[in-house]
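Number of protein chains: 2
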Amino acid sequence: MPSNPEWVKALKPSGPQGSELLSQERAKSNLNVDQLAEFLFTKDVLDRNERILNILTADPVFDKSQNYFRGRNTRIEAALARGKRLQQLQVKHNWSKDEYQVANDLISEPTPYGLHASMFLVTLREQGTPEQHKLFLEKAENYEIIGCYAQTELGHGSNVRGLETTATWNPDDKTFTLHSPHLTASKWWIGSLGKAANYAVVMAQLYIGGKNYGPHPFVAQIRDMKTHQPLPNIHVGDIGPKFGYNTMDNGFLLFKNVKIPHENMLARFSRIDPSTNKYVRPSNPSLIYGTLTYIRSSIVLQSGSVLARGVTIASRYCAVRRQFQDRDAPAGEPGENQVLNYTMVQIRLLPLLAATYALHFTGRGMINMYQENQKRMNSTAEPESRRNPGPEELNAGTDLLADLHATSCALKALASTTAAEGLEVCRRACGGHGYSSFSGIGSWYADYLPTVTWEGDNYMLTQQVSRYLLKTARAVLKGTAGNNDTSRIFKEFIRRRDIGAAFDVIGSDTDLVDAFAWRVSFLTFEALRHRDEDKQSWNSLLVDFWRLSTAHGQYMIVKNFHDALNDPQTKKEVDPETVTLLHKLFRLYALSTLEKEASEFYSSAAVTVRQITLARTKAVMKLLEEIRPHTIRLVDAWKFPDWQLDSSLGRYDGKVYEDLFHRASELNPLNDVVFDPYPNSKVLFKEDKRSNLRSKL
Amino acid sequence: MPSNPEWVKALKPSGPQGSELLSQERAKSNLNVDQLAEFLFTKDVLDRNERILNILTADPVFDKSQNYFRGRNTRIEAALARGKRLQQLQVKHNWSKDEYQVANDLISEPTPYGLHASMFLVTLREQGTPEQHKLFLEKAENYEIIGCYAQTELGHGSNVRGLETTATWNPDDKTFTLHSPHLTASKWWIGSLGKAANYAVVMAQLYIGGKNYGPHPFVAQIRDMKTHQPLPNIHVGDIGPKFGYNTMDNGFLLFKNVKIPHENMLARFSRIDPSTNKYVRPSNPSLIYGTLTYIRSSIVLQSGSVLARGVTIASRYCAVRRQFQDRDAPAGEPGENQVLNYTMVQIRLLPLLAATYALHFTGRGMINMYQENQKRMNSTAEPESRRNPGPEELNAGTDLLADLHATSCALKALASTTAAEGLEVCRRACGGHGYSSFSGIGSWYADYLPTVTWEGDNYMLTQQVSRYLLKTARAVLKGTAGNNDTSRIFKEFIRRRDIGAAFDVIGSDTDLVDAFAWRVSFLTFEALRHRDEDKQSWNSLLVDFWRLSTAHGQYMIVKNFHDALNDPQTKKEVDPETVTLLHKLFRLYALSTLEKEASEFYSSAAVTVRQITLARTKAVMKLLEEIRPHTIRLVDAWKFPDWQLDSSLGRYDGKVYEDLFHRASELNPLNDVVFDPYPNSKVLFKEDKRSNLRSKL
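Chains as they are written, first to last, in my numbering: chain A, 2 to 698; chain B, 2 to 698.
It is worth saying that the hints were derived from the structure and are not from the lab. Take these hints with a grain of salt, some might be off.
Identical chains share a label here; the pair holds if one copy fits it or two copies do between them.
Derived DSBU-like pairs (lysine-lysine); straight-line CA-CA distance at most 35 Å [said to hold, decoys possible]:
#1 Lys135 - Lys687
#2 Lys619 - Lys597
#3 Lys257 - Lys656
#4 Lys13 - Lys279
#5 Lys98 - Lys683
#6 Lys260 - Lys687
#7 Lys687 - Lys257
#8 Lys683 - Lys227
#9 Lys536 - Lys619
#10 Lys44 - Lys260
#11 Lys13 - Lys212
#12 Lys212 - Lys656
#13 Lys376 - Lys479
#14 Lys135 - Lys683
#15 Lys279 - Lys623
#16 Lys29 - Lys572
#17 Lys135 - Lys93
These figures come from a predicted structure and were not determined experimentally.
Turn these sequences into a full structure, and let the hints steer you where they fit.
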């Protein structure tokens with residue numbers, strides 16, 4: 002497309018300019034942004050992130066200016082180039098796993114190396130023996146072999162026990178035969194498999210002498226190391242475009258009786274003794290239990306920042322965007338109102354802003370608890386030991402670990418749903434321009450969406466949570482419950498159930514937290530009655546279980562946020578005004594959640610109708626007003642560089658309209674062609690003679 | 002990519018096959034699908050749709066098999082070709098506007114002719130004089146000029162009065178000067194403008210002698226008729242990629258003092274007398290009021306079918322997909338459970354199934370009311386007259402029209418939000434595979450999303466609704482209210498307010514409808530008190546207004562669905578079993594809505610906590626169980642051909658896995674290339690030697 006004519010270059014947005022408006026916003030609040038950011042992330046982390054950002058932005062392979070315009074082949078080609086360069090940089094700068102992750106976060110789109118660098122390496126490391134590390138892991142770490150983790154199949158996702166791929170032990174030549182008996186046995190959705198991987202960890206049903214021992218992990222080479230063509234009797238490829246995540250080559254994989262040697266079954270936990278042809282049972286299954294808890298806790302921590310990107314973009318844009326005058330403004334008052342001043346916009350964005358902080362502190366709390374618990378477990382059991390721990394050790398450890406595991410399930414489901422749905426609320430709060438790719442929210446949302454399904458489908462997980470809560474409730478009734486938080490709140494509920502609750506949710510923070518605990522307890526004992534006394538079917542209770550798990554997650558978030566604010570460390574690291582502001586965010590999150598879920602709070606008798614009405618019409622509205630002046634600084638504290646956001650609407654400097662126009666008019670390759678508009682002409686496109694075609698789509 | 006090897010071709014999904022499962026589903030219910038479909042659409046319409054489908058599927062330009070794989074340039078190129086062919090078919094078959102629309106619906110993606118064929122032609126027709134029809138409309142109807150409707154600007158969307166583009170009257174040479182004084186004056190989002198249009202109807206602020214007369218429509222040529230290059234002092238192009246709608250060339254447009262003749266101001270309603278240079282005022286603004294009401298009512302009707310596509314796909318897939326055994330199933334019972342049997346899936350899908358019917362009947366009811374009202378208005382005022390009707394005529398007509406207009410606003414906002422968000426619920430109910438483009442839901446959702454913003458932003462509209470409800474409430478209190486439905490329910494509320502309500506929402510349908518009316522009335526008089534007595538600012542009440550408008554919309558849907566079922570015509574057209582089933586859908590929609598909005602129903606004292614609990618745990622769960630066996634036939638009655646759905650998951654024959662595999666393995670152009678996976682190799686892609694490249698992305 003011809004570059005903009007001079008008279009267009011001379012045009013400015015009508016005033017006041019976006020840059021002026023954001024400066025005014027920042028001047029309105031005296032929140033210490035750097036101090037808060039360091040409290041959230043530490044100074045070291047912030048410095049490290051900036052160092053990595055500078056490396057990436059200096060490298061043309063990471064240039065983002067054509068990202069939104071590209072078709073799938075071109076996008077994934079660019080992503081592969083980036084993946085390769087990233088690996089080189091990792092070697093060059095000797096990046097840690099965390100640093101490599103930061104670089105990926107800044108690039109903000111998956112690459113075809115994604116699952117190699119995560120699940121493939123992790124699985125080899127955690128489930129392989131030292132001999133297998135030598136055989137596979139070392140090469141994988143050097144990218145001599147590129148792998149993926151092939152579990153999900155066309156016909157089975159959540160139900161791992163239902164996988165159809167088989168691995169049959171051949172006692173004669175001490176090999177396994179991998180086979181896909183049906184079309185639905187095809188591995189499916191496997192990241193990095195479609196085009197990149199030459200190896201895969203394949204989860205398959207182990208058969209020995211006709212008997213099924215359940216799903217186990219096997220290492221299989223799938224493509225030729227030189228030609229990269231599929232090996233014989235293997236059918237593999239990319240599964241096609243998706244709603245998002247299109248820079249990843251999610252793949253399919255079918256085997257027709259492919260033999261692999263004995264050493265290819267990952268054997269740290271269970272294995273076959275080739276001399277006896279006997280199966281050797283796993284030693285300590287709770288180690289895997291721990292890994293899942295860790296992954297889910299990480300998703301909770303990440304969800305705060307995922308959502309914060311959307312909130313940052315929408316808040317800045319809504320401070321720049323002006324539309325209509327305030328209806329009650331005195332006649333003749335000039336100018337339009339910033340969209341962020343409308344309460345209908347505030348009620349959508351500010352509780353989400355509060356949620357970003359709530360999720361951050363909750364995720365941090367979960368990871369701390371996980372690490373403490375690991376320490377405790379390691380002090381009672383030899384690390385990496387294969388001996389079976391005694392029953393008492395297991396009980397002490399598992400009581401806390403089971404509680405942590407259930408909480409991580411409830412929070413993973415709630416946090417990822419909150420982030421995903423919150424991003425869409427942010428996008429819509431940007432009005433029409435939110436629909437443009439240049440908003441930067443749509444693609445981020447679309448790429449994040451799988452998180453509500455993977456690492457435990459959010460609906461499925463709520464059954465695990467409820468099963469645990471029911472079990473704990475039964476133990477409390479029997480007097481055999483342990484000392485974890487869930488048992489504590491259930492005991493308190495039982496103690497006061499007949500006296501009744503009268504929580505001062507508006508006047509007292511601890512009462513507010515207790516009201517959330519009360520509702521969880523109420524719903525648990527209701528569900529328990531339905532299941533154990535009324536003998537209702539499990540299936541008929543799934544909706545109740547989902548509500549129960551959500552209630553438990555909300556309680557945990559409110560509690561973690563409250564604990565973080567009352568941690569003495571917090572007062573050391575941030576000034577009292579900041580604590581006061583964070584406290585308002587805590588109350589906004591808690592009260593707006595309480596109001597949204599009002600009917601459960603009523604029916605549990607935790608609050609009265611009058612309290613809910615007051616919470617909504619007075620407390621929440623007042624908090625919106627109090628938080629409004631600090632909104633821009635509160636999103637600034639998340640410290641997203643513009644390069645990461647890649648958003649016209651979310652620019653730090655507020656040059657929203659200039660950036661939208663620049664991208665449309667000067668970067669958009671569709672403007673390199675001319676249409677022939679007449680229906681009877683067979684011509685469709687002509688190249689614009691005045692343009693320099695700058696990139697193919 | 003090489004076609005599938007023989008051994009892969011021989012594979013089938015593990016049993017039972019999807020085709021068997023859907024046959025069983027259809028055998029379980031005796032709902033007369035054809036009879037219900039004819040009741041919904043009429044036999045004539047269904048026959049007509051099939052005739053058009055046959056024409057389209059026979060034409061290779063409409064082949065959809067590469068749609069999901071293409072990048073933007075290639076997609077819009079295909080869409081332009083389709084638009085051209087469609088126009089030729091319209092001429093060839095002498096299609097009516099409705100028939101042309103059906104063809105577009107079947108193709109299911111916008112073309113660059115979209116805004117020409119709709120808003121451009123409509124505006125010329127409705128706002129042009131007979132002379133202007135000759136000058137512009139006739140050529141436009143013959144596609145000699147291709148146009149668009151340029152209203153929204155970079156800086157202004159909802160607030161039309163804030164538009165910045167100016168049209169200044171030049172008394173000397175009897176012309177207007179179109180000008181964009183700022184960058185934010187650039188027209189933006191204008192469909193068919195980016196690449197296709199050579200003309201535009203431009204909304205611009207009319208200035209005469211330095212005085213602003215507000216926004217008016219002007220016709221402007223923007224591109225050369227032969228070269229299709231922009232005319233001098235015009236900067237125009239495509240605004241770039243969007244979250245969806247990427248087969249449309251939404252465009253931008255800037256003018257630098259471009260002169261257009263006097264005859265280019267569309268002059269049916271207001272104009273300039275060139276002899277006196279005086280402005281002549283519009284005669285009957287309520288005509289436009291009527292058009293908006295009609296457009297919004299159409300969106301309501303359309304929303305039912307938009308959502309029904311998602312519900313059709315998700316319901317069929319959830320009947321084919323099996324995962325886990327029922328936890329309470331007797332041990333040893335073989336096979337997994339259909340996902341649709343889980344109550345957690347039913348509670349997500351079946352209320353949406355009910356909503357599709359509710360929205361359909363509501364949209365139909367609105368359009369009928371609109372047409373009756375137009376008839377009545379036309380009998381009191383000469384059609385196309387320019388005389389000003391007398392005040393009484395206006396009062397009688399406007400009382401009903403104002404009510405209808407407010408209802409159309411409330412329903413447009415609620416219905417399009419319900420459809421958009423419901424589609425995403427459907428997509429997620431499909432689990433992992435819902436994320437694949439081949440689900441057919443993601444792109445449909447993304448393309449539909451602008452509907453929540455255009456024709457009145459859904460949040461903005463709720464202010465108009467509330468303004469009307471408050472005004473009516475004031476009139477009721479003063480005793481000056483008219484006879485429309487809103488006045489009726491307010492009077493009833495005032496009469497019974499002190500006595501109290503005791504609606505039997507579970508036992509009586511009319512009580513159920515009345516409870517919805519009661520809640521609207523309660524919220525209206527609450528808001529009225531806040532505004533008129535407490536003198537709360539308009540801005541502080543926006544959230545209340547949004548709730549109020551939503552409540553009003555929900556009442557109207559419940560009422561319209563109820564009226565449709567009790568219409569004597571219904572019993573003539575469908576058998577009693579079908580009426581009973583529709584009645585269950587009515588109750589499911591109403592009761593699940595009541596339960597979702599429980600806290601407002603409590604606080605208005607329309608129902609008790611006990612009733613809500615019963616509605617949720619008994620009534621709704623029982624309805625799910627009763628409707629479950631008829632689900633597949635109920636979606637079949639929407640009669641979407643597979644070609645329209647373009648979905649692996651929603652196939653009528655249930656061959657879900659075969660279709661997913663076929664598209665991924667045999668249609669996916671990414672499988673025509675081979676990656677070089679090693680990080681230190683500079684090579685990225687190589688063409689797969691064994692493949693025939695079938696299409697560029």
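The hints, checked one at a time:
1. For the identical chains of this complex, lysine 135 and lysine 687 are inter-copy neighbours only, at 31 Å across copies versus 58 Å inside a copy, given an alpha-carbon limit of 35 Å.
2. Taking identical chains as interchangeable, the C-alpha atoms of lysine 619 and lysine 597 lie at most 35 Å apart whether they share a chain (15 Å) or sit on different chains (23 Å).
3. Taking identical chains as interchangeable, the C-alpha atoms of lysine 257 and lysine 656 lie at most 35 Å apart only when they sit on different chains, with a minimum of 23 Å there against 58 Å within one chain.
4. In this homomeric assembly, lysine 13 and lysine 279 come within 35 Å of each other (Cα to Cα) only across copies, at 33 Å, whereas the closest approach inside a single copy is 78 Å.
5. Taking the shortest Cα distances, lysine 98 and lysine 683 sit within 35 Å of each other only across copies (24 Å), while inside one copy they are farther apart (55 Å).
6. Taking identical chains as interchangeable, the C-alpha atoms of lysine 260 and lysine 687 lie at most 35 Å apart only when they sit on different chains, with a minimum of 29 Å there against 55 Å within one chain.
7. In this assembly of identical chains, the alpha carbons of lysine 687 and lysine 257 lie at most 35 Å apart only when taken from different copies (26 Å versus 49 Å within one copy).
8. In this assembly of identical chains, the alpha carbons of lysine 683 and lysine 227 lie at most 35 Å apart only when taken from different copies (15 Å versus 46 Å within one copy).
9. Within a single copy, lysine 536 and lysine 619 get their C-alpha atoms only as close as 43 Å, which misses the 35 Å cut-off; across copies the closest is 15 Å, which meets it.
10. For the identical chains of this complex, lysine 44 and lysine 260 are neighbours neither inside a copy (52 Å) nor across copies (60 Å), given an alpha-carbon limit of 35 Å.
11. Within a single copy, lysine 13 and lysine 212 get their C-alpha atoms only as close as 75 Å, which misses the 35 Å cut-off; across copies the closest is 24 Å, which meets it.
12. In the homo-oligomer, the alpha carbons of lysine 212 and lysine 656 lie at most 35 Å apart only across protomers (32 Å), although the nearest pairing inside one protomer, at 66 Å, exceeds that limit.
13. Within a single copy, lysine 376 and lysine 479 get their C-alpha atoms as close as 30 Å, which meets the 35 Å cut-off; across copies the closest is 74 Å, which misses it.
14. In this assembly of identical chains, the alpha carbons of lysine 135 and lysine 683 lie at most 35 Å apart only when taken from different copies (28 Å versus 62 Å within one copy).
15. When the C-alpha separation of lysine 279 and lysine 623 is checked against a cutoff of 35 Å, the pair qualifies neither within a copy, at 69 Å, nor between copies, at 51 Å.
16. In this assembly of identical chains, the alpha carbons of lysine 29 and lysine 572 lie at most 35 Å apart only when taken from the same copy (24 Å versus 65 Å across copies).
17. Taking identical chains as interchangeable, the C-alpha atoms of lysine 135 and lysine 93 lie at most 35 Å apart only when both belong to the same chain, with a minimum of 23 Å there against 72 Å between chains.
The structure shown violates the earlier hints numbered 10, 15.
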